[in-house]
Amino acid sequence: MTAQGKSTLLREDVVIGLVLVGLGVAATIAATGIAQGPQQRTLPPNTVPLICTIGLLLCGVFLTIKGLLVPQKAIGLPIDSRQFSILILFIAFFLAFEHVDFRLLILVFVPACKLLMGCRSWPQLIITPVVTMLGVWGFFVQLFKVFLPTWM
Amino acid sequence: MDVITLASLSEGFAVLSDPWIYVLIVFGSLVGLVFGATPGLTAPAAIALILPITYSMGIHASLALLLGVYVSGYFSGSIPAILINTPGTPGNAATTLEGYPMARAGRANEALTIAVISSFIGVAISVLLLLTVAPVMARMALTFTSVEYFALAVVGILCVAGISQGSLIKGLAAAFFGILVSTVGIDGTSGVPRFTFGMPELLGGIAIIPALIGLFAISEMLVQSRRRTTAVDALPVDSGGSILSVIGLHVRHRWTVLKSGLIGTFIGLLPGTGPAIASWIAYGDAMRSKQPGEQFGKGEARGLIACETSNNAVIGGAMIPLLTLGIPGDPVTAILIGAMMIQGVEPGPFFLRDHSGLFVAIVLMMILANIAMVATFLPLRRLAAKILKVPYHLIVPVVVVVAATAAYAVSYSAFDILLLGVFGFIGFLMMTNGFPVAAVVLGIVLGPILEKNFRNALIANNMDVTVFLTRPISGLIFFLLAATIVFMQVRKIRTARAQRTLTADTAQH
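Residue numbers (the working numbering), protein chains in the order written: chain A, 1 to 152; chain B, 1 to 509.
Ranges of calculated distance between the beta carbons of each label pair, as one might list FRET restraints:
1) A/V108 x B/Y22: 37 to 45 Å
2) B/R139 x A/L10: 52 to 60 Å
3) B/G475 x A/G37: 29 to 37 Å
4) B/G475 x A/H99: 53 to 61 Å
Since the hints were made in silico from the structure, they are not lab data.
In this text, a Cβ means the ideal position worked out from N, Cα and C, and glycines have one as well.
Construct the entire structure; sequences and hints are all you get.
Structure representation (structure tokens):
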């Protein structure tokens, strides 16, 4: 493929359009696989899902065509390295939420996030997690009687 | 049908005898002020985060808290707009044009006072109209069939898709995605599971609260995590601009105030629109009636009055379709509909007939929330600049912790936390690529209404799809919708052409 052809394919709308087409095709296949249920005089259960998936597909096609016709900048990476590391931290936090004592989890997550975001102030790295943990405990557990995961 | 009776009035006023209501309204106002003023945090995010804790409250307490956040959150986006030239919400974008030049000229206090008083009057006008229009609309809504409800739901979703961001195609894709998400789970009519992929957690459908928190809060935190700290210096809040002089200014510009309030309420009434459109229209209208000596764009108080009055007047307007038709007008009312349903109250054509006391209570709580907004902001306005200096490395982890805790509190399910993360990431990808997240939210909330009425309408009319165009009201709704979309697209093409010509001319010279 020529360099120009490659840059055309990397245009923002082309890439987003193709992603939508892919999503639309996959969802349409999934929607056609929905069982029909008992025969009755009503719409099949996959009617509205199919309208949406075909709509997504068509939006993807329009966006791709628009991207191919109108010159525009190439798509950039949606996430930089710092955001990626923070995203990984978020995922770890969400996965651990039910399994780890919420107090310990907050005391680990908050300073880790602050460090990744560039905070180097030791008082802040100590005070913020403690205040956040006490705030969550006071507001959710004590005031609103929410049962959060604890080890003791 | 007498909608508001003496009994409903006394029932509404009785709600105010509970001191807890006042505490919650003031607390909600403070939360709304902080969330609206902090760039990156919004009123919908605040309401989505708070919603889970309202489960255990009664309907009155829950609405007191949420309305407090709603009213203050829409106003406080003007604080960063005035002090750092960055609107806290899209609805305050027009505010920057006059508010920031005023602040730069050393009139920040006057600009902030004008903003809060204008917002107060905007809400007051819209609440008065809510009181008068809602009963009439509710009576009319009783004659609506599934055909009309389907048409209104489509309008709600498409308006958000078309208006909230530049690209109509991206808006439509977001709306389709939202409706698709709402179809996950067991189909209520046939009992057939849809898109559950063998996961029992999905049989009941996608839990709406974690999805909303993910879309509004987690996605925004991922976007903000790119920043190290606050990048801007807020202008200082001076001591000028007394409250009395600002009230005098509003009296002098009473026609602008009234007109902007009416514009805001009318725009709010249309499903899918919102404060951004209202404030631009009101600002444009104020500019058209420019008086000699007025300098728009250089700190003209009348311009600021126009956009702030209409911006907050949207609140009462958006409550009208919510309470009378069950159709949310904007993302916040989409969350409010969920809050009411959680408490066993279904907004819609029967709401005013069956819950007229609650309707009166809502109106009274909106008035109190409006007073609380002014009462909490005015003494604290000199601290406003401090909120803008809160570093992102403090906001992001705290909001994520609160978001996860709030999502978990709904049903103590680890799966909800995963949903929160998934929708947060989807929202992040959408925001960074120019897709309107609000359209997904309206799709998720209005999807079941849309599908139910689509089905009912077709069954009742022998599967004849032309019924949506042949019934007069729905036909008119669809005609107006199509005309609006065509008008918007033509205007967009013309603007693009004019810009190209201008660029070519500039290059030639």
